[in-house]
Amino acid sequence: MAKKKILIIEDDKSLVNLIKDAINPKKYEVVLALEAKEGSSKAITENPDIILLDILLPEEDGFACLRYLKDHPKTAKIPVIILSNLGQDEEIRKGIELGAKDYLVKADSSIDDIMQKVEKYIN
Amino acid sequence: MTENQNQNQKISQDVKGDFITIASHQLRTPIAGIRWSLDTLLNNRAGKITDKQRDIILGAYQNNRFLARAVSDLLRASRVEDEHFVLAPEKVDLVKMINEVVRHTRDFARAYNCEISLKIEDNLPLVYFDPLQLKPIFEGLVDNAVRYSQVEGQAGEVEISLKRIDGNVVFSVSDRGVGIPKDEQALIFTRFFRARNAMKAQTEGLGLDLYIAKKVIEKSGGKINFTSLENKGTTFFVYLPIEPVKEEIKPTDKAKNVEKTLQKEREFVSITVHELKAPLGMAKWSLEMLKNGKVGKLNNDQTELVNQVYRGNERLLVLVRDLLDLAKLQEGKFDVEPKPFDLKTVVDDAITAFRAQAEKKKIIIDLPSLKGSWPGVSGDQNRVSQVVTNLISNAIKYTPEGGHVVVEVKQMSGDELKVIGQEISTANINNTDNKNGYLVISVKDTGIGISEEDQKKLFTRFFRSKNVMQSKAEGTGLGLYITKTIVELHKGDIWFTSAVGKGSTFYFSLPII
Numbered sequence: 001m002a003k004k005k006i007l008i009i010e011d012d013k014s015l016v017n018l019i020k021d022a023i024n025p026k027k028y029e030v031v032l033a034l035e036a037k038e039g040s041s042k043a044i045t046e047n048p049d050i051i052l053l054d055i056l057l058p059e060e061d062g063f064a065c066l067r068y069l070k071d072h073p074k075t076a077k078i079p080v081i082i083l084s085n086l087g088q089d090e091e092i093r094k095g096i097e098l099g100a101k102d103y104l105v106k107a108d109s110s111i112d113d114i115m116q117k118v119e120k121y122i123n
Numbered sequence: 001m002t003e004n005q006n007q008n009q010k011i012s013q014d015v016k017g018d019f020i021t022i023a024s025h026q027l028r029t030p031i032a033g034i035r036w037s038l039d040t041l042l043n044n045r046a047g048k049i050t051d052k053q054r055d056i057i058l059g060a061y062q063n064n065r066f067l068a069r070a071v072s073d074l075l076r077a078s079r080v081e082d083e084h085f086v087l088a089p090e091k092v093d094l095v096k097m098i099n100e101v102v103r104h105t106r107d108f109a110r111a112y113n114c115e116i117s118l119k120i121e122d123n124l125p126l127v128y129f130d131p132l133q134l135k136p137i138f139e140g141l142v143d144n145a146v147r148y149s150q151v152e153g154q155a156g157e158v159e160i161s162l163k164r165i166d167g168n169v170v171f172s173v174s175d176r177g178v179g180i181p182k183d184e185q186a187l188i189f190t191r192f193f194r195a196r197n198a199m200k201a202q203t204e205g206l207g208l209d210l211y212i213a214k215k216v217i218e219k220s221g222g223k224i225n226f227t228s229l230e231n232k233g234t235t236f237f238v239y240l241p242i243e244p245v246k247e248e249i250k251p252t253d254k255a256k257n258v259e260k261t262l263q264k265e266r267e268f269v270s271i272t273v274h275e276l277k278a279p280l281g282m283a284k285w286s287l288e289m290l291k292n293g294k295v296g297k298l299n300n301d302q303t304e305l306v307n308q309v310y311r312g313n314e315r316l317l318v319l320v321r322d323l324l325d326l327a328k329l330q331e332g333k334f335d336v337e338p339k340p341f342d343l344k345t346v347v348d349d350a351i352t353a354f355r356a357q358a359e360k361k362k363i364i365i366d367l368p369s370l371k372g373s374w375p376g377v378s379g380d381q382n383r384v385s386q387v388v389t390n391l392i393s394n395a396i397k398y399t400p401e402g403g404h405v406v407v408e409v410k411q412m413s414g415d416e417l418k419v420i421g422q423e424i425s426t427a428n429i430n431n432t433d434n435k436n437g438y439l440v441i442s443v444k445d446t447g448i449g450i451s452e453e454d455q456k457k458l459f460t461r462f463f464r465s466k467n468v469m470q471s472k473a474e475g476t477g478l479g480l481y482i483t484k485t486i487v488e489l490h491k492g493d494i495w496f497t498s499a500v501g502k503g504s505t506f507y508f509s510l511p512i513i
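So the protein sequences, as listed, match chains A and B. Mapping the first sequence onto our numbering, position 1 (from 1) lands on 1, and the numbers just tick up by one. Mapping the second sequence onto our numbering, position 300 (from 1) lands on 300, and the numbers just tick up by one.
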């Protein structure tokens with residue numbers, strides 16, 4: 001079976017490497033982006049099967065990126081899961097309104113929780 | 001309300017508001033990083049671990065979960081108590097939500113040797129509630145039931161049911177554990193309440209979750225209550241409305257006992273900080289045991305992960321310490337009786353302390369001082385030293401090699417300060433009444449300068465510049481905020497001028513006695 005591709009847009013390198021190392025390389029290929037613009041362009045060039053998006057990104061925030069992804073015909077159908085921090089209720093609501101499928105609170109989720117959500121929504 | 005009461009209320013809001021914002025904002029990322037590093041170690045993804053190592057790592061993991069829950073509860077408590085707290089209710093499928101909560105809790109329950117059973121009535125209607133507020137309430141109640149379900153020798157049992165009663169869907173969760181002592185039952189919905197019978201104080205959380213749950217549920221038109229018998233068990237009932245309920249606006253009696261409120265907020269902050277320190281201290285001890293090989297060897301990947309966790313933990317400890325510091329300062333409390341001291345000595349000592357560091361970066365520090373002795377000032381010498389140190393430290397940090405840091409002192413009148421306040425748009429100079437004038441210390445650097453956007457945020461609660469020169473010990477971002485608070489406590493002001501690529505100058509004033 002062909003490997004599925006996961007794009008993670010998250011500016012904390014140490015955090016994102018922890019997720020990447022935990023993902024089964026036989027089932028998934030992982031592409032990383034450290035900020036919104038890089039994330040948007042990789043979404044177009046790499047055509048991932050799912051996107052994990054940090055809602056607090058430097059420079060251009062996660063919402064602008066999300067809006068862009070949902071507007072662009074090439075990326076609109078890719079499911080997006082928001083990565084948020086504790087206590088970001090408004091941000092989560094906003095993200096779902098903008099078209100994200102679901103959210104994960106980083107400090108509240110184990111890596112297994114993340115993979116379960118990925119498997120649930122992946123194209 | 002009298003002006004004094006107004007003032008006190010504002011202080012109390014600032015003390016708690018600041019604290020909670022900073023605490024939760026800053027603590028969150030290290031907590032997530034620590035959790036995932038521990039996840040990776042526990043799952044043998046970095047290599048096999050021995051049973052002893054597993055036990056220690058699990059201990060650190062529990063501490064981390066406590067912290068995450070504590071921070072989450074702090075945020076929710078603060079939100080719920082805010083005057084402007086708004087709920088966003090919608091139709092919620094309780095069956096789906098409860099199934100998710102149970103699924104999420106099952107592993108945790110098994111670790112407590114506890115089975116969860118679910119009894120759901122058919123054809124349950126949707127309820128009208130804010131889902132983002134509701135899920136943590138269920139998670140908290142089920143969590144507690146699992147913890148309390150332990151009975152000696154037997155596997156624990158937790159029963160959850162959903163059924164319709166008139167205009168509500170009623171959620172109930174029962175355990176057959178120790179129950180809540182009768183004399184404590186009246187208190188369980190108060191802040192920071194933790195029952196005597198709690199297995200371990202730490203696993204309970206801060207004791208805010210029931211307080212929050214009750215406030216949110218009642219504000220949403222629902223009800224929460226419980227029955228409990230010692231050694232027989234406890235059942236909680238939550239009544240959730242099927243139809244939207246008109247919110248009852250209770251008149252707030254603001255004038256009532258503002259002083260008591262202020263006292264409560266101070267306790268809130270200091271209790272919280274002390275509670276947070278304990279798991280951090282224990283985690284530090286566990287990690288040291290892992291690192292020094294006393295419970296088995298670690299391979300390179302494992303060592304790197306443990307170090308990462310250790311660093312995250314240290315960051316949290318520094319942050320919690322700073323938070324306590326800040327809370328004390330904001331109360332207007334001096335650590336020691338303010339008294340006259342020699343500012344020249346303080347500045348000289350600070351410069352000496354940084355000379356070696358400056359030399360490494362080939363930075364020259366200068367102090368062309370006022371000749372002779374300086375006019376006297378009064379206050380807490382150590383705190384003022386903290387201010388000078390912070391400013392010089394920043395100046396050096398943000399200045400590239402071969403640069404220049406100059407520390408100067410000037411005597412100025414209140415009127416001269418007023419003019420400066422008018423000339424510099426980012427300067428908020430309020431203390432200009434001292435008849436003897438002020439000593440103004442300035443720390444000037446030839447560093448990278450501060451962007452206009454950052455200038456606006458500079459003294460806010462969690463400012464940290466993105467452009468900081470690569471420095472492993474970044475600090476908590478509270479430095480300038482604490483510095484500002486100290487200066488203002490001494491009836492002085494702090495301000496700056498800066499241009500990107502040219503450098504910055506920071507000034508602070510102290511009244512001359």
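FYI, nobody ran anything at the bench for these hints, they're computed from the structure. Heads up, some of the hints might be wrong.
[Claimed, not checked] Below, simulated DSS-like cross-link-like pairs (lysine-lysine); rule was C-alpha separation at most 30 Å, straight line:
(1) B/362 x A/117
(2) A/70 x B/91
(3) B/119 x A/13
(4) A/20 x B/291
(5) A/20 x B/457
The structure presented is a predicted model; accordingly, all values stated were derived computationally and were not measured.
Results for each hint:
1. B/362 x A/117: This hinted pair is violated, its Cα atoms lying about 52 Å apart.
2. A/70 x B/91: 26 Å, holds
3. B/119 x A/13: 44 Å, violated
4. A/20 x B/291: 24 Å, holds
5. A/20 x B/457: With Cα atoms ~34 Å apart, residue 20 of chain A and residue 457 of chain B exceed 30 Å; violated.
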